[in-house]
Structures are given as C-alpha cells and as structure tokens.
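Engineer: The residues making up each chain are set out below.
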Amino acid sequence: MGALLAGIFLGWSLGANDASNVFGSAVASRMLRFWTAAVLASFFVLIGALLQGQAGIETLKDLTRLNLEQAAICSVAAALTVTMMTILALPVSTSQAVVGGILGIGLLNRQINLEGLGKVFVCWFGTPIGGLVIAVFLYKLLAGVYNGLGMNLFQSDGVLRVALILAGIYAAYALGANNVANVTAVFVGANQLTPFAALLVGGLSIALGILTYSRRVMETVGRRLVRLDPFSAFVVVLAEAITVHIYAFVGVPVSTSQAVVGAVLGVGIVKGIETVRKPTLLNILVGWFFTPFVAILIAVLLYVGIHLKYVPQ
Amino acid sequence: MLGFFFKKQRQIESLIYSYLDNLRMTQTRFSEALGLCLDHNTDGTFTFLTEQTHKFESKADDIREEIITLMYGKALLPESRGDIMRLLEEVDVIPRVFERVLYMIKMQKLSIPDFIVPDIEKLVSVSLASFDLMLKQIENLLKRRQKIRALVATIDYNESECDHIQRRIITRVFDSDLDPFLKIQLKELISCIGEISDQADRVSKRINIISMKRRV
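Heads up: the protein sequence lines correspond to chains A and B, in order. What the first sequence shows, in numbering that gives the first Met the number 0, is residues 0 to 312, in sequence order. What the second sequence shows, in numbering that gives the first Met the number 0, is residues 0 to 215, in sequence order.
Keep in mind that a hint or two might mislead.
[Said to hold, decoys possible] Derived, one-sided and incomplete: chain B residues facing chain A with beta-carbon distance under 7 Å:
no.	residue
1	Ile208
2	Met211
3	Arg214
[As the list claims (entries may be wrong)] For each label pair, taking beta carbons as the anchor points, the in silico distance ranges come out as:
no.	chain 1	residue 1	chain 2	residue 2	range
4	A	Glu273	B	Arg95	35 to 45 Å
5	A	Thr82	B	Asp155	53 to 63 Å
6	A	Thr35	B	Glu88	52 to 62 Å
7	A	Ile268	B	Asp155	27 to 37 Å
8	B	Asp162	A	Glu273	47 to 57 Å
9	A	Leu280	B	Arg85	31 to 41 Å
10	B	Glu88	A	Val285	37 to 47 Å
11	A	Val38	B	Pro77	15 to 25 Å
It should be emphasised that the hints constitute simulated quantities derived from the structure, not laboratory data. Even glycine gets a Cβ: it sits at the ideal position worked out from N, Cα and C.
The shape of chain A in the complex, shown without the other chains (with noise of 0.2 Å):
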C-alpha cells in the first residue's frame, strides 16, 4: 500500500498539472466555473483511463521487469523529476519522467525491452510534430466551415464557447486514457494491481489532483492560451487531443504539454505569427531533453541509497 501511494502522488500532481492543458483557456476566460470544469474534466479522465488506459499499461509494464521496491522507486523517481523541474521551471513531461524512472531500474537490472523504449521514443518525437501537423489541418479545415456560416457575433460566440467546453472534454478523455499508465503501469509490471485496478486506481488519482489542486494552475497557466483568439484556443485544445488520444491507441503515454506546444506552433504557422517565443521554445527543448536523463539518475541514485550497506572493517 505505502508503494502504491507514490503512484497515487504522481497521478494527482499529474492531474493538478495536465487540466490546465484541458480546460485552462474555459476556466480562465471565466467562460467555465473551475468547479464545472474540474469535475467535468476528472470524470472524463476517468472514463478515459477504464475505456482505453490498458495499451499504455502494456506498453510500460513491458519496458522492463519490476518488483515492488521498483515500481515504487519509478514512481518516486518520476514525482521528484517532475518537481525538481517544475522548481527549476523547465516545462517537464511526467511521462517522460517515468519512463526515465522505469529505464534507470532497468539499466540496473541490465534488462531493457528495446523494441517497446524504440516505439516510445518514436513517440516522444511525433507529439509536438503530431500537435503541430493535426493543428494546421483543422484550422484551415474548421476555419473555412466557420468562415461559411457568416454567423453573427452571438451565434459565433455560443458556438466556440460550446467547442471549448467539448474539446476540454474530449482533451480529458484522452488525458486519462493516455496517462493513466504513466500513474500504475509499473504495478502491473510488479503484479501488485491487476490491469483494471491499475485503471481504476490510475483515473481516480489524476481525478483527485484535478479537484483537489488544479484550480491555481488552470486558471494562470490557462491565460497562455486565452491570448490566442477563441478559435485558435479551441483549434489548440482539439489538436492537443486528438495528438494525445491516437498515442493511446498506439499505447504510448506522451506529453500534453507538449502536444499543445506543437498545437501553438501550428496555429502560428497557418496566422503566420509567432505564437511561442524562442526562448520559451529554447526552454521547453532543455525540459524535453532532460527529463529522462534527470529521471534515470534520480531512479539509479534511489535504488543504490536504498541498498547502501554499512560493512563493519
């Protein structure tokens, strides 16, 4: 049990990060109250993790074999990486966090799945390219519908703010499905959970971090987006989703941060403005790439000061 807390603190930091990137542009345009949003967004991360969690889980479980001291040292592992950064204030992937948590046992044990740490890494590199691609189809795909109803103001405004309510949800669902394996999968790898406790216990914590301290972050991380016009936001939140969901399918867990970096990127592509600044691109590349690093060295460190023996001469 005491194990399986530190899964269940990375799923609620995980939860009281990511809903920033689902419903942060509805909550802090004050389009959405932050109850409504919370609950709605941890319900669907929910239903999200129990309906199409499992191919993480299988991903992850696989990278390589764990017992219980290893899953919890993984899940300790990615907490810190995830907190060291966020102090630092590189932008950080918590998926990202624990795999390098889960390669660092690995390399002790000398026992890495290459073929899964391949698809994975193949993954890492698609997100932001996945955002970005995904983000510069639907804008000019959903700009040229939009442009043809010749809605008035009050038409155009109900629309996108019932698109940003339905994106976030969306967005959620494919948060729990994606990451829901970042939370347990190393449980199941230790056969501490079955496949759907592992769900269940995995949605239920980024569910609690949603309600329980995600109210601060939505509502100043979300401002990033409400700068972009209504549209772009809800192009954004659609593209990060959609990016997200197909990596579940894939069952690869990936960053939604970074998804919705690419997303930006690509809105200011099709607008032909810089939407993200070079020394916050700069910034979110050093995160990117040391992530796992930090995470592997956190995990190898973990393992070798548990097992430090006093030898008496």
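Could you slot chain B onto chain A? The hints should help.
Structural biologist: Structure of chain B alone, referenced to chain A:
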C-alpha cells in the same frame, strides 16, 4: 448547464436591442427639439423635448450598465465582452452630444440666425442619417454580419460631407456682422453638432473591426 449560458447571452442580446430602441427615441426627441429651435420656437415644447432627450439618454446609460454587469457575470467570451463594452461606450457618446447640443441652446438662450438655418438643417440631417446607418450596422453585426463594410463607406462619406458643411457654416458665421460673442457660441454649437457624424464614423469603423476579427 449550456442552457444557462445561452440564457444570459439572450438577455444581453435583448438588452442591446432595447438600448438601440432607446437611442432611436433619444434621436427622435433631439431631432424634434432642434427642429423647433430652428423655427425659433424655443418655448415649453422645446424644454419638454430637451428633458425627454435627457431622460432617454439617462435610460440608455442604465441599460448599458445593466449589459456590462450581465456580461461580467461570466456570460460571453472575454473577447466578445471587451468588444461589446467598448462599442457601447463609443455609441453612448452620441446621445450625450444630443443632450449637450440642446442644453447649450437652452442655457445660453441661443437664437440661430436665419442665414445659416438651411445649412444647419442639412448638417443635422446628414449627421442623423449617419447615426441611423450606424444603428443599422450594429443590428447587422448582431443579426447577420452582412453589408457592414458597405455601410462604413457611406458613413465615412457622410462624415466628410458634414465636415464640409461645418466649415461652410463657420466661415459664413465669421463673415457676418454678428456679435463676436454670438459667433463663438455658434461655432461651439456647430462643432458640437458635427461631433455626431464624427463619432458615428468612429463607431462604424470599430464595428467593422469587430466583424473582421470574427473571420478566422
């Protein structure tokens, strides 16, 4: 949940229409009062119509406040809230100009010399035509977002015409043998009336921007 959002939206929409109706009432009273003044008939009816103009202008303020309060009660997207609020602020300048013109005439006991009456009638007529078109443009923005650019061009043309009329009247006033103090008073009055078409032009351009922003 969604029904609740749209309920507020419908309330705002209906309040904006009521605000526009109120502006039309203000305009009618202003036009009637100014007509009496140009006929040198500034008796009780003129005073009554001036007070009516003031009453409708105050009511327009109240409706505007109600719209703003409702909008900040989490209705509409922030961008739309800002656009509507700034639009109403700018529109609201015009009824205040109506009121100012009438009080200027009433308090300064201004009598308009006959030789400039036809020009002033023309200035008022073109200015109020611009105001009407501006109201129509707002309705188009709220109803179907069509013909907005065409109206911008007409209002802009009217504004230029008003500027010409204004300059002509002021020149004629200062070429005349009127008392210099009266000349200054008339110049102020004419500039104030000219402000109607200037402001209608500003509002019209803002409406065009609001409409263009909604194309993605």
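Engineer: Hey, does the methionine 211 of chain B contact hint survive, CB to chain A under 7 Å?
Structural biologist: With a minimum Cβ separation of about 11 Å from chain A (threshold 7 Å), the hint on methionine 211 of chain B is violated.
Engineer: Holds or violated: the 53 to 63 Å window for the beta-carbon distance between threonine 82 of chain A and aspartate 155 of chain B?
Structural biologist: holds (59 Å)
Engineer: Honestly, do leucine 280 of chain A and arginine 85 of chain B meet the 31 to 41 Å range at C-beta?
Structural biologist: holds (33 Å)
Engineer: Does the Cβ-Cβ separation between glutamate 273 of chain A and arginine 95 of chain B fall within 35 to 45 Å?
Structural biologist: holds (41 Å)
Engineer: Is the hinted range of 37 to 47 Å satisfied by the C-beta distance from glutamate 88 of chain B to valine 285 of chain A?
Structural biologist: holds (45 Å)
Engineer: Per the hint of 52 to 62 Å, is the separation of the Cβ atoms of threonine 35 of chain A and glutamate 88 of chain B within bounds?
Structural biologist: Between threonine 35 of chain A and glutamate 88 of chain B, where Cβ atoms are some 31 Å apart, the hint is violated.
Engineer: Is 27 to 37 Å respected by the C-beta to C-beta distance linking isoleucine 268 of chain A and aspartate 155 of chain B?
Structural biologist: Hint holds: Cβ distance 35 Å, inside 27 to 37 Å.
Engineer: Take the shortest C-beta to C-beta distance between arginine 214 of chain B and chain A; is it under 7 Å?
Structural biologist: OK, holds: arginine 214 of chain B within 7 Å of chain A, min 6 Å.
Engineer: Go through the hint on isoleucine 208 of chain B and say holds or violated, using the shortest Cβ distance to chain A against 7 Å.
Structural biologist: violated (12 Å)
Engineer: Can you let me know if the beta-carbon spacing of valine 38 of chain A and proline 77 of chain B is within 15 to 25 Å?
Structural biologist: holds (22 Å)
Engineer: Between the beta carbons of aspartate 162 of chain B and glutamate 273 of chain A, is the distance compatible with 47 to 57 Å?
Structural biologist: violated (41 Å)
Going through the hint list in order, the structure does not satisfy hints 1, 2, 6, 8.
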